[in-house]
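Q: Single-letter residue listing:
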Amino acid sequence: MVKQKQETANQPDNTAFTQQRLPAWQPIISAGIVIPGFLIIGLAFIGIGVALFVTSQSIQVLEMDYTGVDKTSPCNRCTDPNVKSCLCQMDFSIDTLFKGPVFFYYGLSNYYQNFRKYGVSIDYNQLFGDLSYFTSPSEKCSPYQYDNNNNPIVPCGAMANSMFSDTFKLFQIVNGTNKEVPLDGKGIAWWTDSNIKYRNPSVTPLQMAFNNTVKPLLWANPAYQLDPADANNNGFINQDFLVWMRRAALPNFRKLYRRITSGDYTQGLPAGNYTLQIAYNYPVLSFGGRKTVVFSNVSWMGGKNDFLGIAYLVIGSMCIIMSIVMLIVYAKFRFSEEE
Amino acid sequence: MTWRSPLALVRDALAGQRARERDLRSLVSNLPFENQKKTRQPNRYFSGNAIKTTKYTFLLFIPMNLYEQFHRWANIYFVGLAILNFVPVVNAFQPEVALIPILVILSLTALKDGWEDFRRYQSDRKINNTPCFIYSSKEKQFMKRRWKDVRVGDFVKVVCNEIIPADLLLLHISDPNGVCHVETANLDGETNLKQRRVVPGLCIMLPEFVPESFDSTVVCERPNNNLNHFICYVEKPDREKVGAGIESLLLRGCKVKNTQYAVGFVVYAGHETKSMLNNSGARYKRSKLERKLNTDVIFCVILLFTMCLIGAVGHSLWLQALPGVPPYLVPYSTGQLDSPALSGFYMFFTMIILLQILIPISLYVSIELVKISQIFFITNDIDLYDEGTDSRAQCKTLNITEDLGQIEYIFSDKTGTLTENKMVFRRCSIMGTEYPHKENAIRLAVLDEPDSEEEVIFDQPPRTPQTGWSLEAEDTNLEDARHHHGGRRKSKISLNADSSVAFSSPLETEVIPDRKLLQKISKTESSGRQQMDPYLDFFLALAICNTVVVSTATAQRQRVKRFSHCGQTSNPLDTLSNLVKKAGSFRHVFTFCNRNPVRKLSEDSVVEEDHFNPPVKMEETRDTDGIETCSLHAPSECNQSALTSDNLCYEAESPDEAALVYAAKAYGFTLMARTPDSVTVRLPSGKDLVFEVLDTLAFDFNRKRMSVLVRHPVTKEHVLYTKGADYAIMELLGTPYAEHLSGIQKNIAADTQYHLDCYAKDGLRTLCFTKKIVSDEVYESWSVKRRSALAAINDREELIMDTAVQLETKLSLLGATGIEDRLQESVPDTIVALREAGIQVWVLTGDKPETAVNISYACSLLKDEDLVINMSCKDKLTCTSILDCTLEEVRRYSQNPRNVDTTPDISLVIDGHTLAMALSSDLQDRFVDLAKRCRSVVCCRVTPLQKSDVVKVVQDKLKVMTLAVGDGANDVNMIQAADVGIGILGQEGMQAVMASDFAVSHFKHLKKLLLVHGHWCHTRLANMIIYFFYKNVAYVNMLFWYQFFCGFSGTTMIDYWLLIFFNLLFTSVPPIMFGIMDNDVSAEMLLGVPELYKTGQGAGEYKSSTFWVAILDAFYQSLVCFFIPYMAYWNSDVDLFTFGTPLNTISLFTILLHLSIEIKAWTWVHWLIMVGSVGLYFIVTVAYSAACITCNPPSNPYWILQRQMADPMFYLICIISTVVALLPRYTFHVLRNSINPTPLMQARHLDKLDPFSRDQWIKEWRSFRGGEQVKRFRLSAPSSPTLESPVDIYPPSFTTSDIVGDEMTLDVITESSQRSAHT
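From first to last, the protein sequence lines are chains A and B.
First residue of the first sequence? That's 0 in numbering that gives the first Met the number 0, and the numbers climb one at a time after it.
First residue of the second sequence? That's 0 in numbering that gives the first Met the number 0, and the numbers climb one at a time after it.
Simulated from the structure, these hints should not be mistaken for laboratory data.
Do not take every clue at face value.
[Said to hold, decoys possible] Only some residues are given here: those of chain A computed to face chain B with a beta carbon under 8 Å:
no., residue
1, N13
2, T17
3, P142
4, F286
[To be verified] With a straight-line cut-off of 20 Å between C-alpha atoms, the simulated EDC-like cross-links for lysine to aspartate or glutamate are:
no., chain 1, residue 1, chain 2, residue 2
5, B, K254, B, E182
6, B, K784, B, D794
7, A, K116, B, D337
Just so you know, these numbers come straight off a predicted model, no measurement behind them.
For each residue, glycine too, the CB sits at the ideal point set by N, CA and C.
Isolated chain B (complex conformation) (with noise of 0.2 Å):
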């Protein structure tokens, strides 16, 4: 180290300050500079990768922990009073004693964050030391170091599966595609592969990278935790700029797959990447109750005051009343007295210190403790645990539980929430002709039965899996049929526990094809117009257009690759001994997949073989077959015979692709292999057809669709497939297919917009597949635009977006899909169950109206009975007119006495066009008021941001407490928007959990959750924080009642030890335990009476009355307390503190008791705990008493306790006070108990029946009250009924305002079917 002056060091400091904070940062390598000093280093002022989340320094523990903890106003009140305690003039106690309360509190938090943060320091230390290599010019390879080592500039080597060490830039990986994927679980919990690539055009070529030849700049964005956005160009020497993306990105906390190593340039490192920035610890939200507890708290604080200020008045008129001076007045050492009023100015501190515990500092402590505890019973809960993922239910947020019992409204997505989000390709329309797939429809229906059922459905005759098996499987007996299922079965049941592979279980990857169109391809595929067919076209564009990932169904997700690239890019001779490494990883390969026994259907007649024991030999020759065929250059050979399309899994990022994926492949067009310029695609003739991909146009939420543009091996053009949402692509609807087919085209259009309504209606996601062809030229200009965006670093979004609506225009129809998404379990239920409760619940989607009333028909939302105001309108003009009606007559409805029983609910179904205009600020009020009115409401394709919209307006208008529910990244709005946000562990990623509050594995979770945990922890919570209130309050007034028989001097009667002993040890733990334990109402007893939940909901338990009532009670039980002890020893010779024990012992006693008239079951917790209490009280105040001598002036304790306790009239003046205080609490519980009982009493009188005549009980009492019946209904009947009794699923509505108009006859839609059928 060489001394440098210090203003070099801060010149050096500020540069690098300046550098940080620059929007644009220019790095560049390392290497050059190595043996350089570190002033030279041109790196040198960005962050290093050790990381230190630790908030302490050994050394500087105590100071900086201090500094932390006054942060709380609690704790500097604490000390303002210790601190006012060493002043002579004021001080009620000894100083000393008087730091005991804080200095408890302070050591306690002290000990916690101690610990917390030297764990943190143990994690910090093992991460920085972790292995990694780093290259060196020096030894000219890259060297072990350790993650800490990693610098800005380096050159990082991260191999397969190991964790990367900083955010890297990729610039090499041994795949020679430059292709490689991330799994990001560590960071975002989602499990899919994510594909990232080098920065194109710096080295690949190369066959090995070597870090000393890259002499480029590398400038990058400043860092920022968006984890999907990264923007950074690379500068060669030349001034030749290359853009790079989140795409060349290699974040920290992730695993490399699919490649041996990768290379990369450190962009960020340390707290800079992007994972760290990200990492933001626990969320704070102050829950309701917490809210209104701190309006109580100020109450305390000026009955405070007010009795601080009588303290003091009292003095100085007590003092001015004296005439002359008494000898029990102490002048000063001068001989001088304090004027009164001085006096009284003094004395209002004194009172301040004597009564300070009636703000409840530990209640704080306390509630902390609770809810820890709270927290623990929800995650440990088995009834919220989820088998299938091995899930607990999650709080991420500490401190709120209490809200869960206190929800009105419930804001939940559909997909995935309500349904499994588990798709199921069901029927498709091509060209203007629907294929039911009724086959399908019935396989699934058989999968759907219970196990029990098994055996009776295929008792029945076979007619179904005969008819709908495949052409060559027609002649399928039954013994196969069963077999068939029973695999499947089984398979299904293996699957389901494992997550991960959810995409690919049965019910999704096996797709009976429909009969007549399997003919029809077939007949295509004779006739030999392949290029130009449509049903072709359709299904190129379903195994195409899409960004799924093709990987072998190992555990390691090896990636199929094409083999033709290697021997194309690289020599010979290389390839050959990479080939035979590869074939033999392919062995691995073959031998675990086959372990997991995956079943499929396809033209292959695989599917019977034995998975379990695969032939030996069969592999080897796939062996050496792949090696010799690729050495030949051969490479659609090389695919064919290498890879069996059963050994593929798709792994997509939304289940629609996977599902529409299967689709293709059941009509034996496979996706084989997909490379970010390639696409591989079997042809049901075995034929591979290898499309250059040109572009992908990703999807996002504006566009509603994507595009992939390829250009077609055989034809050569630019063909554009683009597939999305039916109103996204309608509306850009070109010329027709093609000419030679024009004849029909004119009603494709609305064939297909007619089969999707219908579609819609029977509750299927629905999507629109198009075709285009583009020409040369348009596509030369149309890639230069592109280029230019994809490089910009502005509004590199915008632009790209741009360009992509560019392209999509004119596009032809090939035709649609529906998916079907099923239900989740016990949707129905729950929903019927929270509607009981008093919870008003929402449904959110982007579907179309169609389905999502369809939806809301199967799980209870809406019912056949209900009113049905359908809302769409196009401008706001209608829309006012509209809501101003339709509330006119909503009002006189409801107000209309002869409705009050015959009524039928009213329910609102509102589209995100109209639902934007009712939010504008004029309408705003309108909206709420009749949604407000409403039984359920309905709102279709609306926006994330409108979700969160919605439940703003809600929250704020009516001033409710909303509960959001979601399980995708578009409902991670409105989740953090909502007092309490709920994620669903689904299948779209972690992100909605990870901004969520809660996060439960199913939809039906919700039940428990809130009727059973929101229930208890509303109710124990808020009758803890009550009776805390009042037990200072008891407590410290009686303090303030001596004060008026000692001159208002301060006194107390009680020793100060005692005196904080009696609220830190005595009477802390039974409240606690209350809050913990306490069971008003069973479990069962809450679900089985879902309107019990209606007690927490707006004020809930903690009322202002109760608050009040509290403090009433509080007062008069200190009155009690204090004035029949003081009549009793009324003119006798009893001493100061002698007269205080009873009066301790009496508060402790009724503040015990009166606990236990609140406590609602005592379990031996409780005994003990009680008891232990008392206990605890006698044994320490008698040893305290005997061991105190000369101790703790002026109180001197010794011997009182013992000789009191020898007296009668110590016992006898101890039972009547505590009697007397709490008879007006017993017997207003009592008669309010047996002359008009709450409901939570009534439901505690039936918990006492046991469990049999109580369960009749419930049922009983449903059926009186004629409760909603819970419709067991599922979309995917048997024999598909959607189509035979469509008046079930959406019935006539009462639509007041139809406003969508084309009411459309759902016998056509079953005409229309049968009619593609039969043709």
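Looking at chain A on its own, in the form it has when it is part of the complex (with noise of 0.2 Å):
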């Protein structure tokens, strides 16, 4: 026996997995297998694809451009560099109830948030509130690092500089008065992101934590000031510096401004004339961009998108006619299948 052991000691072993021989499943995908396939995948399309068209034309959307390059704008004369502080009303009605809750979004076109080191200059130490970076910002907010007197600049970098600052409030118009429509500013932004990311420092007052620093160059308020209204709103933590500092992922985007959620507008925005009023303090023309203001209503499938919902039609419909087609290769073709 210790023989025979020793003559087969080079034997390679029989299992299943060294010969090769491992149970498999082998599927061939041919026309008549695949015919159900096509069929099951085109049926679910299609009643995907109506769900969500129909969830699409059901949003409203009121989007007006307030750039103010055509001479007829109301904005047109806040187009000029040299004046400060512009104020221009639009006027625009709705026909029929816009129901609510109605989302408000600001909308820059041409605007390049996605340029890589626009991304790269920001320090997110300084935005979790860490006070050694107030001191020293880190090299990639350069060159919105320090400012001519060599303060550092707070928050710094060129995102954060280059926030959006035109205000805008809503007015209806009921007999003749302008009467605002309330703007609920809270909770606009991620909850991830005003409470966990980005943080004040604990310094009570916050403008103490601020002290030998110089706000960013473009803003008007420094930080701390953000917000007059709501002590909580400012800082790192401010709804509007949030939304602005998640970047767009492309050049024409909108992000949210106010919810009208409250007051007399909780079911949306009744019929009737409006106008609103924009404090312009933005300047889009160096890259052509334009600004526009949305209202718009969501649903689970958010904006209003036409596109998901033909996408899925189409290709539902392409899935059910592929099914035909295989058919009729099937039944051609099946005895040679079978040779």
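The task is to assemble the complex, starting from two chains supplied on their own in separate frames and drawing on the hints.
A: Right under this line is the structure:
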């Protein structure tokens, strides 16, 4: 016995793995098999497509350009860079009830927030409330790291510096008088941003933390005075600031400005005439940009977008057509398959 | 250590350099200098015996390994990118992140290298510390030291079975003959023993060797790696030079046998030894697929540069189009912005960094992994395992497994590759008379039958064994015969298991003598004119003219010695004590030997003895006999009593020799012993003749013959026995044999030639035997020349050959032998299958055309209905015209539309001489053109060099993949020339195997190796590579499309870490698994339908079109993956990385599902890895998104995936994008599979059937195709059909150009053999 063992010492193991005989499922995709698959996918897609399309159609959107490029535009005079603190008004009317909750966005086009060096120009440690970065901001913020007097800029960087600075007030014209529509600025930013990612230094009053620093060059007010109305909406956790700091993916984007949820407008904006008062501060003509305001209500699928619904419908139909083609192919070539 | 000036050190180093590089080295003994300082040692310049095979040292490992790794351009590319990333103006990622891929790859490789190096270090240390014995003049004896202490110029003692520590010049051994043997299995794997002798004329005469007395200078050549060549001479103080060659060199790594100890002078040590110089690691070959792959990588580089250029130009155009300075452009701290052109220039490099994975660097690592596992599967295939030799298939070259799937031409050796190379003596012709040995043929046929048929055969009337027995055994009854056969069978089985004694398996050892021939011999014996009888001379030539080593059948391989020499050379007292010792060892030999039931037929009735229980008494008497007779200096009697021929084992370098010696033994001419100086042959009368061997003219491929020059003990004549190939001998024939027979002599040469041709047509190997009596004067003058030739340093080989040629003239023909070499198992099946697989099979052999043609018919290479073109011409002019005519005719033949179905295949038989002309540069093209149209080509009488030339010409002219398969040293050239070389682990040593890329034990293994493993390896690797290209392009392009929406600024919408993990973690394992485990068609199907192999030939699965389709598909898919989410998120408030998350997820799904369309068979491993990859993606991304709050700016993916996963839109976008991306490919597959399925797809359909109906189908399909039926036909069929029905074997071949001329009618052979049988 021992001898025999020695003689076959080199014999390979006869296992399913080493002999490559593992049990396997061998699907062969051919016409006959895929017909039900195509059919099911097609039907499912058409169903989803219909649901998406219907939802998208039910969303109301009102978009207005207020850049003021047109001479006739009420905001045209504000495009002159020499004019400071310019106010302009846009009038518009709503025919039917704009169902609430209404989301109020500002939109920018041709604005490359996704430009690489722009995105890098930020100091997250500073924005996390780390005081040591207040006195010496990160290199990445350069050239918005120190001002000409070598004082540290807080918050530093190009992104913070270029924060959108237009402000809006919405009035409903009721019997000739302007009735202000309350705009809700709470919770427009991500919860994780305002509670975890961005923090104010734990110094009270907040202003103390900003001693020996300067505000970003383009800013009107320092960070701790962003919202004079709400003391808790200042510093780095200011909602507008947070919304701005979340970089847009594409050069044409909108950002949430306010929500219309309270007062007489919980059901939405009733039909009527409205006027929008714009504090026009933000220049966009230097890069051919446009500014818009957008009123929109949202559904489970977010804002209005017909594309996805149509895509589902098209692909679903294609699958159905495909399954018919497969049926023909199957009928025609079944015999050769069996051979 | 004394201080020495640096100048002296430099001078010393230079002197050492000079000494090492000199063509000749002079070495002297170290002993007189033993107590001196190291700087005074004469041999200090030569390397010591300590070896170091490690590449690295412990401290310098990291820098050295890095240096090593940066030899790969891929790594340099990686590092270049990483460095680029540290340049602020162009960086795309954070510099640290870009370092990750290169660090991972470098550290993995370093880890592997380090581990391998550590293993080498351990083995080095073990080897260097192996004990050995070095002579010390202080102690006056050999002291136990370690291998690393051995220096050049030392005297080292090696005992039996000990491994030799360095290359030693053999000065002294315990054996008084001055001859021992070495086993070189460690070096070249050859298991037969090689003889080594003490340098003649030095100190062998002394009973005890005193190293101090060695005062000569050894002059030897510079170290080289030739194992079979060594030149050296020893210059004594009196200026006398003694030449020595490889026969006196003990090589490091070998084992000493047949002597108690040996003492040698160290000539080379450590790394300068021949075995170390031969250690050249695994070879690197580049496979066809890999060459193709590299061109496609270049395409990828072009693609990358184009894309970067688009990015750069786009960026600068975009900048120029801006009317002012927007707030999102970040100036330098000085407030300046780069000009658009400069920014574009910088952007080019940023893009390279961003799109770097377009160059599939990880592909190379993956390919390596896949190949390792492919090799694992090949070597672990139980079907390629041979139980007989306990050997698996071996892969020597690690990276050409996929080439096995693309072979178009196979060049095969014949002997040992198609045939077993187990030689069996079949027939002989002596003095023009044929002795057919019918009985022997019958015996072989019986042995050949499978077990089940055994009974049937023995129940037949026992006509054959009875008639076939030797004269003494005439009365053997049926019972005995059966016993004999049974016994033989048993021993055959037991012996087959051990290859080292394969030569002495009963098949070869037992030859049943031809009755007529036996009678003839016994007549001559009794007539008493023993000295001049041609029959006796013939058998003496058989027994003497060879280099067979005689040993007893023991595992120790104790060589049988004649005792007489010891008595003559040393004092009697010493001898006696020696003899007692030896007798003791003999008892051991006997007992051991008898346990081994080797049965042999001889005149002694020992055959019937029970070998398992030998009578102890008998043994003892033998022992005492031995001592007594030897002490009385009676050599012949001593031998006779001490040894029976039963215990002899013959070990030959070529199996032919052993077969001949066994044949001679069957007729009573037993080779009893061989020493360098003498050969002992026992005659049928029981008398021992001791021939003094004057010289041996060894075999070489140029002369094709060998000779032994002996002094006849009775007549004292110098007799030269020569044997060789018939054409090498027939030219040299001089005077016919002896004068007194002159009457009949005229015809001997012609008759013998005639018989030789008949043998060849039966597929036998032929050898001619001659004798020549050399007169004293001739011998004297010749031996002077010979000696000077032997001592020559320059052109030694040529000089030695010249002297041999001088002596081998005017030979007298004695006769010829026919030896059978039987076909290996399943050779015809294999050849038919290979041919159906679209592979052309050529046979290149050194044999005669007739032999080769016959074997070709036997192994289905040639068919009866084939049109055989026989090319053999004398000069180039005829060769050219024949080539042209044939080509013309063949062309016309194949163009004729009527011949499409009826055309018999054309085969070409060409001989070496003609081949040489056909391969000349002006005829090459025509020859290749002709050969291309032939179904099979047989080249006969080709030299090893021609073999490789043929391979090279076909490879160059036809641009095809070639495979060469062979087993012997003569195939080495061919094996190395071909794209894939395969060595057969056969009888002829290991040289072919060492040179090969793969080694298998039988020719039949080629079938599975090529059809199954070759196909699998090729399809797997090809599909994996294409997939890899696709994967990288698809993923990277998605980043590229985004550049159009971010001002070509090099922004990524995916977190850098996730980007790197995507390639490194999430999608790296599935393609590797795909490359390792994908099974498109089952092995049974591939073997059953060899035509499937054709899919791999030519470009195979990896075509340019496939590559470009994959790239286009990747472009399409990346467009879908990018633009569907783009459209879905258009004009929304989506942020950068929230947008990137579905993109990344879609890519993952698309890429993995794309793979799952390609995967042909899903095992649990596939499921595990695919599901695991998706799972890993989500787990890692979720964990990363949850943990990374302020890390890794600017991406900061905190809580992004979590938010996305709560959004139904995320899923809806993912689903539709994946479906749209994969729909075209899927539909294409479906339609192709349904409308026009590839052969492989059809095979897969069949694979789904249950095994039984599948086999049924294959059978039907075969018969439908009228497939080439394997003709069951053996050369050694019972009752010698080769003679009765010759037409079956060599059918009338329609030779269009019948140059050979003499068409021999084979009835004549039958007649002549019958005539000779009746006399």
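Q: Would you mind marking each hint as holding or not holding in the structure?
A: Verification of the supplied hints:
This hint holds: N13(A) has a C-beta 5 Å from the nearest C-beta of chain B, less than the 8 Å allowed. With a least beta-carbon distance of about 4 Å to chain B, the hint placing T17(A) at the interface is held under the 8 Å criterion. Interface restraint check for P142(A): the shortest CB-CB distance to chain B comes to about 4 Å, inside 8 Å, so the restraint holds. For the restraint placing F286(A) at the interface with chain B, the shortest Cβ-Cβ distance is roughly 3 Å, inside the 8 Å limit, so the hint holds.
Annotation: proposed proximity of K254(B) to E182(B) holds, straight-line Cα distance about 5 Å (limit 20 Å). Between the alpha carbons of K784(B) and D794(B) the distance comes to roughly 14 Å, so the proposed pair stays at or under 20 Å and holds. Taken as a hint, the K116(A) and D337(B) pair is honoured in the structure, with Cα atoms around 13 Å apart against an allowance of 20 Å.
The structure shown violates none of the earlier numbered hints.
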